[in-house]
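What follows is each chain in one-letter form.
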Amino acid sequence: MTLAMAPYMLAFLIFVVGLYAIVAKRNLIKVIVGLLILDYAANLLLVLVGYRTPAEGAPVAPILVGGAEKAADLAASAVDPLPQALVLTSIVIGLSVTALVVALAIRLHEKYGTFDTGLMRNLKG
Amino acid sequence: MDQVVPLLVAIPLAGGFLIPVIGRFTKSHRVTAILPIVMACGLLVIAILLLARPGETVVYWVGGWTFPIGISLVADGLSKLVVLIIAVVSLLALLFSLDYMTRYTSPGLYYGLFMLMVAGMVGVVISGDLFNIFVFLEIAGIASYALVAYGTEADELEASFKYLVLSAIASAFILLGIAFVYSVTGHLNLAKIAEVIRMGGGLTTPLYVAAAFFIMGFGLKAAMVPFHAWLPDAHPSAPAPISAMLSGVLIKACGVYVLCRLTFSVLGNHQAFGTILVVLGTLSMVLGALMAIGQGDLKRLLAYSSISQVGYVVLAVGAGLVGLGLAKDSEPLAAAARLAVFGGLFHLVNHAVFKSLLFLCSGSIEYATGSRRLDQLSGLGKRMPVTGWTLRVGALAISGVPPFGGFWSKVIIILALTHMAVLVHWAFYIPVALAVATAVVTLVYYAKVQRSILGGEPSDAAKGAREVPFAMCLASVLLAVLCLASALIVLPSVRARLVDPAVRVLSAGAGSTVEPATASEDSEARTPAAAQVAVKEGMTP
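Chains A and B supply the protein sequences, listed in that same order. For my numbering, add 30 to where a residue sits in the first sequence, where the first one is 1. For my numbering, add 370 to where a residue sits in the second sequence, where the first one is 1.
The following block holds chain A by itself, in its conformation from the complex (with noise of 0.2 Å):
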C-alpha cells in the first residue's frame, strides 16, 4: 500500500467507525452520530475520488487569461466537478434524513423518557 492510498484508506476507517457506533451504541443520540459520521465517510470518498493531486504547489485556482487553448489546459489539470456535484444533493439528502432521524429520537424521548435502546421493546437488536 502506497502513501497515495492513504487518504482513501482513512475514509474507510471513518466509514467503520461510523458502522461501529450504530451497532455497538445503546444511546439513540449516538446512533444517529453514527449514521451521520457513516455519511460523511461515503461523500470524503466520493470527493477523493474526484479529486487530483497537484503537480507542485498548492492547489489554487487559477485567473484564466487567454483562449480555448487556457480552457483545455484547465480542464487538463482540475478537479473532476462531477462528484462534488453529486456530494452537494448527497449532503443535501443526509439532511433530510438526519432532519427526520432527530424528529423519531424526540418522539421516542416523549414516549420513553429515555434515549436508551435497551429500554425499549423492539430496538434491542
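If you're looking for bench data, these hints aren't it; they were derived computationally from the structure. Note that beta-carbon positions come from the ideal geometry of N, C-alpha and C, so glycine has one too. Take these hints with a grain of salt, some might be off.
As the list claims (entries may be wrong) - Facing chain B, a subset of chain A residues (Cβ under 7 Å, in silico): (1) L65; (2) L66; (3) L68; (4) R137.
With chain A fixed as given, assemble chain B onto it according to the hints.
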C-alpha cells in the same frame, strides 16, 4: 412518445408538494384524496400508453442535453412492467385509504408523503443513471420512513427508527459502491458503465467490491434474509394501505428491480452474482416462511411471508442469471434461463397483487375489530363476507392453489429450476426441493390464518364487527379479481405484451440493454423507428 416519460415522475412529485398545501385549507379526507387519486389514474394511463408499444425503449434526456452532460430517463420493457405494478397498486391503495385513513389526522401530509413515495419508486425504475437511482431511492425511503411512523405511537416510532437506520446504512453502502464504479469507469450512465466494463474486458477488483456493496445495499432494501431485520417491524407498523405499498411495491422497485438491473445489464459477470442471488433467495424463501409460521400477529405474519415470496423472485432471477452466464452457445440452457427470469418476474407481479390484497384485508379486519391478533379473531367469515372472500382469494393465491396466478408462477419457477438442475449442476435440485417445501409451508400457515380468522364462532373482538365501507371493499375486490386475472399472463398473447419485453431486456445481457447508448448519442436515433432497430439489435444475443 418520449415526452410522457418525465411525467411519470413529475406528476407524483408535484402531488407531493401540492397535496400538503391543499391539506392546509381543508380538514376533509375526501377533498384531499381527490388529487392523489386523479394523479394515480394519470400514472396508470401513462403506464398503459407505454405498454401499448411493447418492445420499444423510450429514452428521454432531461432538459434536452444528450449523452455526456444529460441525465436520461429510460422506459424499457422491465421499467414499464414495474411502473404498471406501481400505478395499479398505488391507485387501489389510495382508494382503500379513502375510508381507512379517516382514523388518522392530517390527510394532507399522508397523501403528500404517499405521492412522494410513488415519485421516488417510479424514479428509481425509469432512471437510466446510477446516481439518480440513489437520489430517487432516498426520496422513496424518506417518505416511507415518515409513513411507517405515521401513527406516532411508540411501536411505530421504534419500527420507523430501526427501518431508517438500517436503510441509511444500506444507502451509505450504495453510495460507496457508486463512488467505486465512478472511479473505475468514469461514468454514471448505466449503459455507458456497462459498455466501459465490456470494452475493458470484464470486472476488476474495485468493481467486485462495488458489486458486493450493491448486493448488500439493495439486498437490505429488498429484505433478503441476512438483511431482513427491519421489515417485520416496519411493514406491520405502517397504516394498512402503506403496508400494502411497502410490501407490494417498494421492496421490489427499490430492491429487486435495481439488483436485477445492475447484475443483468450492467455488471455482467453473470455466474458469480447469479450464484449469490440464488443463495440469498433460497435463504430468504425458506427462513421467511419458517418465521412466518409462529407469528400471532396477522400483519407480522404477512411481513415474514413477504420475505419468503421475494425470496422466490430473487431465487428465480438468480438462477436465470447463472444460466445466462453459462449459456454461451447452448440454446436449451438459454431457454431455461429465460424461463427462470420469466418465472421470477411473473411471481413479482403476482406477489405485488396478492400481498397488497392481503395487507388491505388485514387493514379491513383491523378497521372493523380493532385487533389483528390471530388468537383474538375468529368467525369473521360470516360477519364480513366481502373481506372474508377477498382474504380467502389472497391466501389461496399466495399459497399457490391452481386457478390463481401464484400457482402458475411457482410452477414455472420450479420447472425452470429443474431444467437448470438437469442442464447445469445437480445442486439446483436443492432450491427446487426447498421451493416445493416452502410452497407447502406457505399453504399451511395461510390455511391456519383462514381457519382461525374466518372460521368458527365469532370471538369477543369479532362480535361487533361489520363489513367495511364501500371504497375499502371495492379496492379489495378489484385486487382479488387481479389475483385471478394475473393467471392470464401464462397465455402467450398476454405474456408477449406484459412480461416478455422485460425478460428480453434482462436476458440480452450487459451492455446492450439499458438503452441503445451508441444510438442515442445522435438525435436521430430518438425517433421511434431507429430506437426500435437499436433495441432489436440489442435483443439478438
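Hint-by-hint comparison with the structure:
1. This hint holds: L65 (chain A) has a C-beta 5 Å from the nearest C-beta of chain B, less than the 7 Å allowed.
2. The restraint placing L66 (chain A) at the interface with chain B is violated, with a minimum CB-CB distance near 10 Å, outside the 7 Å limit.
3. Annotation: L68 (chain A) was flagged as interfacial toward chain B, and the flag holds, the nearest CB pair being 5 Å apart, inside 7 Å.
4. Hint on R137 (chain A) holds. Least Cβ distance to chain B is approximately 5 Å, under the 7 Å limit.
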